[in-house]
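**Q** Residue numbers (numbering that gives the first Met the number 0), protein chains in the order written: chain A, 0 to 942; chain B, 0 to 405; chain C, 0 to 178.
Honestly, the hints are just simulated from the structure, not real lab data.
It is possible that some hints are incorrect.
[To be verified] Reference excerpt, derived from the structure (chain B facing chain C, CB under 7 angstroms, subset only):
(1) Asn304
(2) Ala307
(3) Val312
[Stated by the list, open to error] Simulated DEER-style distance windows between Cβ atoms:
(4) C:Lys33 with A:Asp122: 42 to 50 angstroms
(5) A:Gly942 with B:Gln276: 38 to 46 angstroms
(6) C:Ala136 with A:Glu111: 54 to 62 angstroms
(7) C:Lys142 with A:Gly487: 45 to 53 angstroms
(8) C:Glu171 with A:Pro136: 58 to 66 angstroms
(9) A:Asn819 with C:Ile87: 35 to 43 angstroms
(10) A:Pro136 with C:Lys33: 41 to 49 angstroms
(11) A:Pro136 with B:Glu348: 39 to 47 angstroms
(12) B:Gln350 with A:Gly472: 51 to 59 angstroms
(13) C:Lys33 with A:Arg54: 27 to 35 angstroms
Heads up, the beta-carbon is just placed ideally off N, CA and C, and yes, glycines get one too.
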Amino acid sequence: MSNRDVSRRSFLQGGLVAGVTVSLVPLANKAFAALKEKSVTMPSEQWLGSNGKARSRNDALSKVCGGKVFARDIRAKDMPGWPEQQGHAMLLKITKADHIYAGMDLSWLGTELQPDRIVTAEDLANDGIAFPQAHGPDPLLPVGQVPMFIGHPVAMLIWNDFERFRQAKVKLQFNDKAIRYGAKAPLYQTDPYGSFRYVRVGGATSADEDEFASLKDSILFPMLRNRRPVWDSQPDLHGDLTERGLYYADRMKQQMDSPPDNWLVFDERYKTPSIEPAALEPDNGNGWYDAASKTLHFVVATQCPLEAATETAKMIAPSKFALDNLKMHPGYTVGYGSKDHNIFVYYAALAALYGGGVPVRLANDRYEQFQSGIKRHPFDIRYQLAVDKTDNSFKIFRAEMSVDGGGRANYSSSVAAVGATAAQSIYYMPQNDLQVTAYHSRAVEAGSMRGYGTLQSMASTEMMVDEIADRLGIDAIDLRKKNAMVSGMKNTQGAIPAGAIRLHEILDKAATHEVWKNRHALKQQREAQDPDHWHGVGFAICQKDFGTGSEAPMASVEFNADGHISLRHIGIEIGTGMSTSQALIVSDFLGSPASEVKTGETEWDELQLTTGGDPYTMSQAEQNDYLRDPRWVGKLGSASSASNSAYYFSHATREAARIVFNHGLWPAALHIWSQGPYGGQANPYVVRREDANWVDGQLTANGMQPLSFAQLAKHAHDMGLVTGATVHGFNRWSWAESEFDIGKTRVRLPLDGLAVKYGDGAASDRKAQMNSAGFHLLDRKTVHYPDVQLNNAAVTYYSPVATLVELKVNKGSGEVQVLNHHSWIECGRVLVEELVKGQLEGGVAMGIGHALMEEMPLYEGGPGEGNWNFNRYRLPRARDVAVWKQTSEILPPLSRSDPAKGIAEVVMIPVVGAIGNAVAHAIGKRVRDLPLTSARIKEALNG
Amino acid sequence: MKHPLLRTAMAVGLAASGVFAHAETQVERGEYLTRAADCMACHTAKGGAPYAGGLPIDSPFGTIYGTNITPSKDHGIGLYNDDEFFAALNEGIRRDGANLYPAMPYTSYHRVTREDSDAIHAYLKTVEPIERAAPETSLGFPFNVRMGITAWNLLYGDGVPLESAEGKSEAWQRGQYLVDVLGHCGECHTPRGMTGAMQPDKRMMGAVLGGYLAPSLLANDLAERGWNQDDLSSFLKLGMSDQGAMFNEMYPVFHNSTQYLADPDLNAIATFLLGEQPPEAKVLTEVALDELSTSAQRGRQQYLNVCAGCHAVSGEGKPHIAVAMRGNTTLRLDDPRNLLRVIEDGIDEQQFTGFERMQPMPGFADKLDQQELTDLLNYLRQTWGGTDSDLALADVQALQQEAGSE
Amino acid sequence: MASRSLQLTLNGKSVDPADIPDDLLMIDYLHEYKNLTGSRLGCGQGICHACVVIVDNPDGTSEEVRTCITGAHYFAGKRVRTIEGHAIRDEEGKVSQLNPIQQRFVDEFAFQCSYCAPGFVNAATVLVEKLQRQPVAKSQLEKVVEDSLGHHICRCTGYVRYFSATRNVLTELGLVREG
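Take the sequences, apply the hints, and build the full model.
**A** The structure is reproduced here in structure tokens:
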């Protein structure tokens with residue numbers, strides 16, 4: 000699988016990057032609060048209910064009172080030590096992609112409004128700015144070149160005060176008067192961002208060995224020539240991996256082209272729109288470069304603070320701007336993926352750098368956000384699915400997908416790959432050939448917007464399956480049940496998904512839902528009552544992968560002798576409630592949640608980690624070699640996304656808390672229970688750790704006297720037991736495992752880095768071992784890393800969601816109104832039910848937008864021209880989402896030990912397919928291009 | 000049939016036009032003509048199935064409901080034959096022999112050709128029959144007596160008189176057929192007398208309807224307000240032009256009818272309205288603040304407070320968001336009524352063609368007092384409207400009272 | 000650009016007259032001149048309603064006004080409440096009491112990123128105040144909530160919790176009568 004984060008090979012150790020000391024203190028953090036005597040989060044006493052459940056988000060108070068929560072809220076005067084004066088910057092952009100850029104002309108602004116500083120490509124080159132390669136080339140378009148895309152920035156304009164900035168910006172907005180165009184020229188061209196082919200030919204059953212599969216053999220990579228993917232190899236059953244793969248692909252095509260009589264071969268195209276994430280907080284940053292102290296202070300909205308910090312440091316380090324310190328302050332933010340791996344951060348850093356000592360704020364307004372903010376990739380899909388009409392089983396699945404990545408390389412390559420590997424939705428495909436290519440275009444850059452390719456492919460698959468059921472004349476849920484995967488079955492890459500697959504549970508529930516059972520009668524009845532509308536019912540289901548195949552969470556859990564629990568975490572709160580849920584996870588082991596949570600932590604000196612190599616592309620030998628170094632890990636830290644937080648972030652928190660319990664609290668409890676002659680109260684009973692239980696904040700096991708956490712904490716400290724643990728994990732569709740000696744016990748843990756802290760009463764030799772930033776750094780005694788071949792699995796973690804939709808279509812306008820919907824979700828253990836439901840409700844709303852409303856032209860007339868806003872781009876409002884009626888159901892976990900699964904993306908997907916299917920049920924025609932606007936529906940009806 | 004030659008000429012003109020080159024079948028022709036005649040305007044309720052009726056039409060005599068003209072046999076016109084349909088369209092006579100209420104513009108439709116009538120009927124037979132009766136219209140005396148309408152009909156028995164087409168181009172003639180006959184534009188733009196009938200001597204001179212002025216469509220008046228043929232035809236096609244965007248009653252006309260017309264027909268309309276030799280469109284230059292009246296100068300702050308956020312400080316508007324004040328035709332009407340009404344009532348969100356969707360304009364009735372309103376009107380009209388005279392507070396109060404009493 | 004003196008009351012405190020540009024939008028005044036950033040810029044065009052503040056009219060009524068399309072001088076002499084002004088704070092500046100809408104939004108997890116929260120809080124607060132003058136019939140309850148919050152955009156949580164929380168507050172405060 001392709002590299003999802005090319006730029007994250009950064010090396011961050013002891014906060015030092017390219018000679019720059021990097022510190023990352025989120026605005027929401029206590030450390031920042033200490034500076035400002037303000038804090039975004041509340042201590043747990045305030046948000047935790049007596050039942051041990053969250054009463055509210057721990058950041059709710061600040062948020063509901065209009066506190067300075069977002070980076071966007073920060074002005075220079077809010078920042079301790081900054082000068083009070085606040086400068087403002089904007090990017091000047093070229094909006095015709097078919098002309099040479101011949102320079103700019105600002106003279107018409109008049110003398111009064113001239114920018115105080117203009118930064119051009121020439122300046123960046125002269126000043127030695129090493130702009131992050133992953134976001135290059137040409138952050139500012141040099142004179143004499145044709146733009147890479149509509150809206151390519153040509154200059155940064157900086158004013159030292161707000162008033163002149165405001166007035167100048169009004170004049171510069173909605174026109175390109177400042178741009179001088181040269182000759183007309185051919186559009187900028189470059190090779191596709193990525194191209195992949197996933198071929199699998201299974202054995203007689205899923206359990207039999209695959210004849211060929213990506214996991215077992217290889218993903219196929221074409222050559223890129225003349226801006227297109229081409230295959231140089233010839234199909235050959237006895238050739239190399241590619242030749243063999245092509246042989247099977249070829250065989251599938253032949254079977255599809257001349258199918259046996261009992262096959263139905265479905266062959267249709269689907270198109271999905273470019274979507275504006277519309278995170279309400281537009282991209283922004285505010286920085287102050289202090290030349291005297293060689294320090295850049297930088298407040299920024301980002302979903303990947305670690306990457307942003309390291310890349311900012313590396314960008315500036317070689318330049319003429321001396322930099323010893325980068326002090327970065329990420330705010331709470333919102334992005335749905337659009338603030339991950341975002342070029343904007345570096346423009347904002349440059350604005351600060353060129354501020355001449357004045358703090359400079361670069362903050363998009365909504366027009367600018369439409370113009371340059373990262374979009375969801377539009378897909379153009381051809382699906383072919385062969386079905387055996389005698390038993391309705393799927394036989395061969397082929398897909399050809401083109402993905403428009405827009406004008407800059409972002410995650411297009413991996414979005415394409417993830418989209419293709421998700422195309423199967425929930426179905427077992429005995430054979431598949433999935434081809435996908437992500438192309439450059441002059442559209443606005445597309446990136447990791449919520450769904451990550453899977454929304455596009457799975458919603459289409461769900462519409463396809465529904466249509467096939469129609470063609471076969473059978474119930475669409477019956478067809479799904481026939482073909483849905485069951486536990487242990489392989490996916491289209493030949494990998495077996497994690498854990499139990501509970502799709503049939505959901506399908507059974509849906510099949511017996513009154514609305515589904517009676518859908519045809521309902522339609523008839525409602526249309527008789529309401530002759531102005533057609534009514535329809537539609538269903539869809541999918542399971543969405545979560546994770547990137549290279550996840551590296553870090554967490555540290557610690558308690559003091561007074562029973563105060565603190566949690567440090569690498570994850571950053573992006574508004575999804577991550578800090579609330581992580582604080583709660585601690586209570587599984589410590590009986591109470593962490594009362595203090597620090598997120599976005601970057602200083603993990605105690606682990607002394609090193610990394611190197613690319614976890615996606617390294618060979619097995621390379622990995623084995625690296626693993627000789629007990630400090631080496633496959634990756635230092637994960638990015639933050641909502642899907643990641645539930646599962647991967649929880650992993651680190653749980654493991655840290657588990658260690659503190661097993662090696663601190665539990666031995667302390669045993670000690671207390673065993674006090675007295677003959678082993679005290681514990682002696683008559685058998686006391687087992689697996690029977691340990693926290694009841695109302697007190698620990699008991701096998702009938703032992705309940706002990707309060709405070710009492711245990713004090714005792715553990717007195718005894719010098721383990722009172723803190725910092726952990727690092729690595730996941731490549733499977734966790735790295737290591738053995739460590741904690742005290743005299745050797746333990747095998749799903750971790751690859753561990754440091755512990757001993758209590759206040761620890762013996763001096765113990766204390767002496769705590770010489771790694773206050774921790775005792777433990778060596779891995781043995782380590783087992785996931786094989787690099789697992790990269791080809793592409794996906795193993797799934798959460799399923801299904802949605803049933805009722806809607807009506809107006810006979811005159813063709814407008815669709817969603818009347819009601821019901822969703823089923825299986826997400827393992829639920830951390831905070833309200834957060835899960837909120838995610839689901841929000842996801843469904845976003846899905847409704849994708850399915851019915853949100854659309855804009857990709858190129859000319861599109862957002863790149865800088866005049867788009869929410870009037871033309873329609874976002875769902877309450878009236879569009881069945882706000883009073885919608886319902887949902889969370890499947891209970893199999894047991895309390897179910898992991899919490901990521902659901903942030905999957906929740907928005909099935910509603911899209913369900914709407915497509917419901918519209919088809921309503922109007923009797925299939926519309927395969929999204930969104931299903933009134934224009935498309937009318938066209939389908941008239942055509 | 001007073002002008003048989005004229006009618007033949009027009010029919011030929013239309014049939015030969017580019018529009019019908021790709022309207023191959025009678026039904027396709029009929030669909031196009033149904034759009035041009037804007038049957039939907041009255042025969043489709045808001046949010047209702049097409050042509051199923053039920054739209055309440057306020058008239059000075061009471062509420063008239065658009066009827067169901069889908070091919071439903073029980074509730075629509077499913078039992079009509081072509082002759083009966085033609086009689087209804089041209090003469091206002093129902094299948095059962097009763098007179099239609101004159102809300103049906105049969106005096107305009109009087110000159111619709113039989114061929115076009117048959118085509119419209121052919122199309123209407125293809126729409127989905129909606130089995131629902133439109134609400135019964137009940138009018139006050141004497142209009143509740145359908146026989147009373149006969150008297151009304153005497154005034155216009157032969158339909159709206161048309162200007163002679165002698166010596167006019169084919170485009171002009173086509174334009175006349177589209178404007179005066181199919182489009183029945185005069186139904187709103189021509190003032191009505193006491194009986195409710197259009198005043199023949201004031202053809203297209205503008206009329207007040209529902210508190211808004213349907214402005215004069217006379218060539219000189221249009222030119223005075225900044226219209227040329229190109230802008231006028233693209234205004235009809237797109238609902239917007241440099242002169243502003245359609246609002247109030249004209250918006251549904253655009254939405255249901257004019258946007259569907261082919262370019263040659265739109266040009267024909269512009270040719271007919273502005274004449275074969277159109278008068279020069281008047282260009283206004285912006286008047287500087289210090290040349291405005293005291294009231295208008297005060298009004299500038301009102302403009303900055305509540306208008307400039309969308310229409311921009313310098314009045315150029317915001318693309319795809321809000322129209323420009325500079326060059327705006329509504330500011331140039333002598334009668335300030337529409338400007339006042341729009342400011343007080345606001346405009347709902349309006350979908351134009353493609354991705355054009357103007358954001359809703361809030362109403363400011365309760366945000367500005369009468370003096371502030373007066374100042375604002377003076378600022379707008381004097382800066383961009385080409386007038387140098389002040390409205391007095393009393394003028395505005397009078398207009399408000401008039402609107403309030405409706 | 001010309002300027003003129005502006006005096007208004009912000010969150011109960013009279014703001015001393017100061018020279019403010021004629022054409023300054025209220026949101027810029029709040030953000031850049033008063034450092035009150037809680038009223039958030041979402042669309043800058045009056046569409047999303049994240050920026051609304053409350054104006055208290057002399058007749059005791061209150062209303063929402065969008066600050067991103069309204070000039071600062073529109074508010075001259077007016078009494079304005081922003082999102083920062085609702086909660087009661089103790090001497091140290093810590094929140095001791097939220098207004099009923101704020102409290103319920105917190106309790107029901109109504110928002111996620113909270114960027115739209117100022118608009119929803121203010122709109123719902125205005126609704127509470129309106130119904131305190133004239134309670135709503137039960138049959139109209141959902142409709143008044145829709146009319147009050149229906150224009151607001153939220154991209155995270157899909158409106159459900161905002162709407163139900165508002166409905167619950169109205170009911171609990173006794174602002175819903177039978178009928």
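**Q** With respect to the beta-carbon atoms only, verify the hint that Pro136 of chain A and Lys33 of chain C lie 41 to 49 angstroms apart.
**A** holds, 42 angstroms
**Q** Hint says 38 to 46 angstroms; check whether the CB-CB distance for Gly942 of chain A and Gln276 of chain B agrees.
**A** holds, 43 angstroms
**Q** Given Val312 of chain B was flagged as interface, is its beta-carbon under 7 angstroms from a beta-carbon of chain C?
**A** This hint holds: Val312 of chain B lies near chain C, its Cβ roughly 5 angstroms from the closest one there, short of 7 angstroms.
**Q** Does Ala307 of chain B pass the interface hint, meaning its C-beta sits closer than 7 angstroms to a C-beta of chain C?
**A** Holds - the Cβ of Ala307 of chain B comes within 7 angstroms of chain C, reaching about 6 angstroms at its closest.
**Q** Take the C-beta atom of Pro136 of chain A and the C-beta atom of Glu348 of chain B, compute their distance, and say whether it sits inside 39 to 47 angstroms.
**A** holds, 42 angstroms
**Q** Is 45 to 53 angstroms right for how far apart the beta carbons of Lys142 of chain C and Gly487 of chain A are?
**A** Given about 52 angstroms between the Cβ atoms, the range holds.
**Q** Can you tell me whether the CB distance of Ala136 of chain C to Glu111 of chain A sits inside 54 to 62 angstroms?
**A** Given a distance of about 58 angstroms, which is inside 54 to 62 angstroms, the answer is holds.
**Q** With a cut-off of 7 angstroms, does the beta carbon of Asn304 of chain B approach a beta carbon of chain C closely enough for the hint to hold?
**A** The hint holds - Asn304 of chain B has a Cβ within 7 angstroms of chain C, the shortest such distance being about 4 angstroms.
**Q** Are Gln350 of chain B and Gly472 of chain A spaced within 51 to 59 angstroms by their CB atoms?
**A** Violated - the Cβ-Cβ distance for Gln350 of chain B and Gly472 of chain A, about 39 angstroms, lies outside 51 to 59 angstroms.
**Q** Return holds or violated for the Cβ distance of Lys33 of chain C and Asp122 of chain A against the range 42 to 50 angstroms.
**A** The hinted range 42 to 50 angstroms is violated for Lys33 of chain C and Asp122 of chain A, with Cβ atoms some 35 angstroms apart.
**Q** Per the hint of 27 to 35 angstroms, is the separation of the Cβ atoms of Lys33 of chain C and Arg54 of chain A within bounds?
**A** holds, 33 angstroms
**Q** The hint says 58 to 66 angstroms between Glu171 of chain C and Pro136 of chain A; measuring C-beta to C-beta, is that right?
**A** holds, 59 angstroms
Checked against the numbered hints given earlier, the structure breaks hints 4, 12 and satisfies all the rest.
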